[in-house]
Structure formats: structure tokens, C-alpha cells
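Colleague: So the chains spell out like this:
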Amino acid sequence: MDYGVSDPAGGNPRSPGQHRAIKILLAGGFGVGKTTLVGAVSEIRPLRTEEPLTEGSLRTDSTAGVEGKTTTTVAMDFGRISLRSDLVLYLFGTPGQQRFWFMWDELAIGALGAVVLADTRRLADSFPAIDYFERREIPFIVALNCFDGARRYDPEDVRMALDLEPEMPIVQCDARSKESAKDVLIALVEHVLVTASEEPLSGIA
Amino acid sequence: MPSNDERWLDAEAGPVVRPYALTQGRTRHTGESFDLVATVMATQATIADPGSLAPEHMSVLQLARAPTTVADIASDVDLPLGVVRIILADLRELGLVMIRTPVVMAERIDKHTLREVLNGLRGL
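Just so you know, the sequences run in chain order U and R.
FYI, in the working numbering the residues of the first sequence are 1223 to 1427.
FYI, in the working numbering the residues of the second sequence are 634 to 757.
Just chain U, same shape as in the assembly (with noise of 0.2 Å):
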């Protein structure tokens, strides 16, 4: 995977025509709003993906009366938002449910971080998002989505509920709103940095 030409010093390597994309996942539960937010701060794309079951999905996705089925559709929404001209920052929406995993380890390399977009009606949802990126150390922040009528709950409580870090983000937002999204995603790259600062070593792939 890592062919590409880098400049270990880590400046801006760079040749013409050359462009810089960076990945950051949005997890969550179903219908928690992942493709609105993805759609109120980019063009969303659809992408579609066909693929094989792996051993470890058909342990965990239940297949009961589809027992011949050895591939599984999984959509994901995907947005591109052009910060530069040769900087392109990639949203990939993920379905939550653990059989999804395998896709995830494909889009977590290299990825900048992740945004576990939360329901606060149904918090649990997110837990096997936080337990993932939790376990690779994949930089996240928490963000949750404030239905009309969900009752608004203390972000701290949240925390307490999803045993999250007292330096874990946690912000609130309106999936719809592009102000709102963008707020998430700068929320996001501000807490890698800060990730960043603690630990001086970089260059670790």
C-alpha cells in the first residue's frame, strides 16, 4: 500500500497535476443521519460495493434463510468537498453494524479520523463505532445529532453514558445544516492536531 512517493520530512511533496486526498469516516448507527450530514457539506456520490462475505461477516451477519448468499450490497455515501485545488477531502459514510467492519479497515488506512455521528434516543448504536476506532487508535470525536424533538442532553452525560475520555470532543449538531457539519469536521481536524502536538513522533505509518 504505501508505494507512493513521500517526502519523509514531511513537508509538500508534491509534482504537478498531483493531488493530496485526505479520508475522514463518518460512522454511526442506521438512520442516524450520516448521508444528511455527508450531503450538507458536499456533493454526495453514491458508491456502491458488492462484495464478498468474509468468514469473519458470516459469523456475525446473520444470513438465517439466505444461506446461499455469499456476496452482500453495501452502499455507502461518499462526498468530496475540494478544500484546494490539489486538496480533496473524502467523506465516507459507513453503515455502523459490525459485519461492515471489513470495509472500515479498508477506509480507516491513512485515514485523517472519524466523526461518530450519535442519536442520543439511541446511544448504543454507537458503541461498536467508539469500540472500533477506540482499538485502532483512529483519532474521533463524538457528534450528536439533535433530532426535532430528541430530548437535548448534557454532553457530559453523554460521556458519562459512552465512557468516552475527558479530552474526547463531543459537540452537538444539525445533520442538516451545512454550517452545522462543517463545525463537525473542523471539530474533528482541531482534535488531531491537539492528538497531534501530544505525540511528537510523525512519520509512523
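I should point out that these hints are in silico values taken from the structure, not numbers from a laboratory.
Even glycine gets a Cβ: it sits at the ideal position worked out from N, Cα and C.
Be a bit skeptical, because a hint or two may be false.
What the hints assert, rightly or not - Partner residues aside, some chain R positions facing chain U, computed with beta carbon under 8 Å:
id	residue
1	Asp668
2	Ser692
3	Ala707
4	Pro735
5	Thr746
6	Glu749
7	Val750
8	Leu757
What the hints assert, rightly or not - Between beta-carbon pairs, the in silico distance windows are:
id	chain 1	residue 1	chain 2	residue 2	range
9	U	Arg1306	R	Met691	39 to 45 Å
10	R	Pro700	U	Met1390	34 to 40 Å
11	R	Pro700	U	Glu1389	34 to 40 Å
12	R	Gln657	U	Asp1376	55 to 61 Å
13	U	Arg1306	R	Met731	18 to 24 Å
14	U	Arg1358	R	Thr660	22 to 28 Å
15	U	Arg1374	R	Leu757	25 to 31 Å
16	R	Lys744	U	Ala1383	48 to 54 Å
17	U	Ile1408	R	Arg659	28 to 34 Å
18	U	Arg1344	R	Ala654	27 to 33 Å
19	U	Ile1408	R	Thr679	41 to 47 Å
Unchecked claim - Chain R stretches covered by chain U per the calculated footprint, using a threshold of three residues with CB under 8 Å from any CB of chain U:
id	stretch
20	698–705
21	713–725
Dock chain R against chain U, hints included.
Modeller: Coordinates of chain R only, in the frame set by chain U:
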């Protein structure tokens, strides 16, 4: 439990067989793996023998005339990602495309780039 060769697919399962028929049933591509946001670029302006390529391979090649990414191509041709990967690897083997991992992917994203991303987002 029904036996393994008993197929039971509903519409929701999607067209399971057809997309991979384009790849002669292959579900794994050849050569080095490449990222979803790896840059794809055609190596030649014109194809000497366009008839030798399947229409899907031609479509993918057309899209790669200007540098683009694996994800963008998959979205544009509306084929499953796995199929597009195999087509891209075929084209790479024929020397028709170059696939390279974006520089930022190759190692940890440096602070300079992070600040650029931050400024870019703030300016949206």
C-alpha cells in the same frame, strides 16, 4: 438448515452474479492493492486497439484520462467497487493506467496539511 447450494436471494440482495460476470467471476484483483482514494491516471492519450478492451474497461479508461480517484470512478461508472478494482488492476497490468496512493496516505498526515485542511474547511 438448507444446504449450501440452495440459493435464496431476494431483490434486496441486488444483482449478485451479473457485476462479477464482467470480471469473469474474479473477486480479487491482481498486483499491489490500492486505496479507495488512490489517484488513477491513464498513461496514453489514445488506445491503439480499443476493440481489444471490454466496454466497461473502456469506460473506466475514459474516466481516467484526467487524474481521478478509485472512488470517483466507481461512482461514475455505477459498478460495484470490487468490480471497478478488478478492471483497474487489469488496466494497470496492460500498462494503460497508473495507480498511485496519494502522498498524504503514505504516512501520517503532517501538521502542515492538517492546518491546510482546517483553513480550507473554515473558508467553505
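Colleague: Look at each hint and say if it fits the structure.
Modeller: Hints versus structure:
1. Using the Cβ-Cβ criterion of 8 Å, the hint placing Asp668(R) at the interface with chain U is satisfied: the shortest such distance is roughly 7 Å.
2. With a least beta-carbon distance of about 16 Å to chain U, the hint placing Ser692(R) at the interface is violated under the 8 Å criterion.
3. For Ala707(R), the shortest C-beta to C-beta distance to chain U is roughly 6 Å, which falls under 8 Å, so the interface hint holds.
4. Evaluation of the Pro735(R) hint against chain U yields a held restraint, the C-beta minimum of about 4 Å falling below 8 Å.
5. For Thr746(R), the interface hint holds, since its Cβ comes within 8 Å of a Cβ in chain U; the closest pair sits about 7 Å apart.
6. This hint holds: Glu749(R) has a C-beta 6 Å from the nearest C-beta of chain U, less than the 8 Å allowed.
7. A cut of 8 Å between beta carbons decides the hint on Val750(R): the least distance to chain U is about 5 Å, and the hint holds.
8. Proximity of Leu757(R) to chain U holds as hinted, the smallest CB-CB distance being about 6 Å (cut-off 8 Å).
9. Between Arg1306(U) and Met691(R) the beta carbons are some 32 Å apart, a value that contradicts the proposed interval 39 to 45 Å.
10. Separation of Pro700(R) from Met1390(U) is about 37 Å and conforms to the stated range, judged on CB atoms against 34 to 40 Å.
11. Range check, Pro700(R) to Glu1389(U): about 39 Å between beta-carbon atoms, so the 34 to 40 Å window is met.
12. Our hint of 55 to 61 Å for Gln657(R) and Asp1376(U) holds, since their Cβ atoms are close to 57 Å apart.
13. The given range of 18 to 24 Å is respected by Arg1306(U) and Met731(R), whose C-beta atoms sit roughly 23 Å from each other.
14. As the Cβ distance of Arg1358(U) to Thr660(R) is approximately 25 Å, the hint placing it in 22 to 28 Å holds.
15. For the pair Arg1374(U) and Leu757(R), the beta carbons lie near 26 Å from each other, so the given range of 25 to 31 Å is met.
16. For Lys744(R) paired with Ala1383(U), a C-beta distance near 33 Å fails the hint of 48 to 54 Å.
17. In this structure, Ile1408(U) and Arg659(R) break the distance hint of 28 to 34 Å, their C-beta atoms being roughly 42 Å apart.
18. For the pair Arg1344(U) and Ala654(R), the beta carbons lie near 40 Å from each other, so the given range of 27 to 33 Å is not met.
19. Under the hint 41 to 47 Å, the C-beta atoms of Ile1408(U) and Thr679(R), about 44 Å apart, fit the expected range.
20. For the stretch 698–705 of chain R, the stated coverage by chain U is satisfied: 4 residues place a CB nearer than 8 Å to a CB of that chain, which reaches the threshold of 3.
21. For the stretch 713–725 of chain R, the proposed coverage by chain U is satisfied: 4 residues have a C-beta within less than 8 Å of a C-beta in that chain, meeting the threshold of three.
The structure shown violates the earlier hints numbered 2, 9, 16, 17 and 18.
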